[in-house]
Every structure is written in C-alpha cells, then in structure tokens.
Amino acid sequence: AAESKAPANDLPTAIFWSLGISTALYMGVSFVMTGLAHYTLLAVPDPMVVAVEQAGPGLAWLGPFITIAIVLGVPGVVLVSMFAISRVLYTMASDGMLPELFAELHPTFCTPLYSTLICGAVAALIAGLFPIGVIAELVSVGTLFAFGMVCAGVIVLRHTQPDTYRPISVPFSPFVPALGVLLAFAQILFLPWTAWVRMACWMAGGLILWYFYGSRGADKEESYERVE
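In terms of this note's numbering, the sequence shown is numbered consecutively and its last residue is 232.
Don't read these hints as lab results, they were simulated from the structure.
Among the hints, a few may not be true.
[As the list claims (entries may be wrong)] In silico SDA-like pairs for lysine to any residue, Cα to Cα no more than 20 Å straight-line: (1) K9 - R91; (2) K9 - P181; (3) K9 - T95; (4) K9 - S22; (5) K9 - T198; (6) K9 - T115; (7) K9 - I19; (8) K9 - C114; (9) K9 - T112; (10) K9 - P103; (11) K9 - A28; (12) K9 - Y169; (13) K9 - V92; (14) K9 - L109; (15) K9 - R162; (16) K9 - F20; (17) K9 - A128; (18) K9 - F113; (19) K9 - L129.
With these hints in hand, go ahead and build the complete structure from the sequences.
So this is what it looks like as structure tokens:
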C-alpha cells in the first residue's frame, strides 16, 4: 500500500484482476489437462508434462517449452513472495516491532535494503537445506493461517473499532471475511499433522520475539497515524 499512488483504488483492483486472471488460467489449464489424461495420472510433481506425454507424439514438441516455462515461472513466484515479506518486515520495523535495520531503505531505489537481503539469504538457506515437500507444506500452512487471521481481524476490528478511518471497504462484511476464515482453515485440515507441528514451532518463535522485543518497542500511536 505504501508504494501505491492510490491504495484505496489500486490495491483492490490489482488483487481482483490478478486473482481473476489466475483463476481463469488455472481452470483452463486443468480442463485441458484432464482432457488429455485421466486425473489419477496427474497427481505428480509435473502434471503438465505427463498430460502432454499422454496426448501422444503429436504434442511431444510442447514438452521442452513447458519445462522452460516452469523453470522460469517458479522463480517469479518466489520473487513475489520475497517482495511481500521484505515489505512486511519493513512495516513491522517502522512500528518498532523489529530492529531499525529492517526499516532502512536503499538510497537510490527507496526499497527495503536489509530486509530484502536478509530474506533472500534466509530463503536460499532454507531451500538448500530442506526437502521441497517440507517447504511446500510449511508455506501452505503459513499462508492459509495468515489469510484466515487477516479475515478474522477484519471482522474483529470492524466490531471493536467501528469509527476508525478505512479507505478500503469490504463488501458484504462480515460474510465475506467469515467465508475466508472457513475456507482457509478448512484447507489447513487436509495438511499432514507434521505441518501443524512446524507451524506451532514457528509461531512459538514469533511469540517469543514479540514478547521480548516487539511488545516493548512497538509504537502503536505512530502506527495508527501512519495508516491514517
């Protein structure tokens, strides 16, 4: 939001368009894949390649292009995630919940400098040390839990602080946020119990950091004024 010229208009528009385009693409690709191969054959790490192989030699030429697209697309997803995490750390540091190091900006690009460097180094270390399956489960449970908590926070804050200035409206509240909470936590139930344990350990570390540092350094008044 801080990097948008008109957050109240730009953010909802960008979110809905990106989600709509992504959903349409996912549905279209899934429809074509299940037409080329039986869905039971697609529960593999590379379902698109399997679907093309099942189609016969006529589409074999697509295989290398699909592989290249996957190799180029995955780093793009990681880059977007790193972009978001570095901004979250920057905002937390600006509110006093993390050391000021994370709030320092690049002198030329005016983007979070050390937040980006530290996030990139930690992500590279985790990617090199842990199996991809473990990382995928941890990312999934963390993302779903975060989405569920954000939706729940929308309901709670609009009830406990109804007069707070909110430039971005939520249509059909509280039904839409409540549906978001239900969907997020329903998907968490399908993850293995090991993902729950890892999430609990990760949250415990975050709570310890909050108790010994964040709760003492947080400047709530400055945070509220900056949001307004």
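Checked hints:
{"no.": "1", "hint": "K9 - R91", "result": "holds, 16 Å"}
{"no.": "2", "hint": "K9 - P181", "result": "violated, 26 Å"}
{"no.": "3", "hint": "K9 - T95", "result": "holds, 17 Å"}
{"no.": "4", "hint": "K9 - S22", "result": "holds, 18 Å"}
{"no.": "5", "hint": "K9 - T198", "result": "violated, 42 Å"}
{"no.": "6", "hint": "K9 - T115", "result": "holds, 15 Å"}
{"no.": "7", "hint": "K9 - I19", "result": "holds, 15 Å"}
{"no.": "8", "hint": "K9 - C114", "result": "holds, 15 Å"}
{"no.": "9", "hint": "K9 - T112", "result": "holds, 19 Å"}
{"no.": "10", "hint": "K9 - P103", "result": "violated, 27 Å"}
{"no.": "11", "hint": "K9 - A28", "result": "violated, 28 Å"}
{"no.": "12", "hint": "K9 - Y169", "result": "holds, 18 Å"}
{"no.": "13", "hint": "K9 - V92", "result": "holds, 18 Å"}
{"no.": "14", "hint": "K9 - L109", "result": "holds, 18 Å"}
{"no.": "15", "hint": "K9 - R162", "result": "violated, 25 Å"}
{"no.": "16", "hint": "K9 - F20", "result": "holds, 18 Å"}
{"no.": "17", "hint": "K9 - A128", "result": "violated, 32 Å"}
{"no.": "18", "hint": "K9 - F113", "result": "holds, 16 Å"}
{"no.": "19", "hint": "K9 - L129", "result": "violated, 35 Å"}
Hints 2, 5, 10, 11, 15, 17 and 19, counting from the list given before, are not met by this structure.
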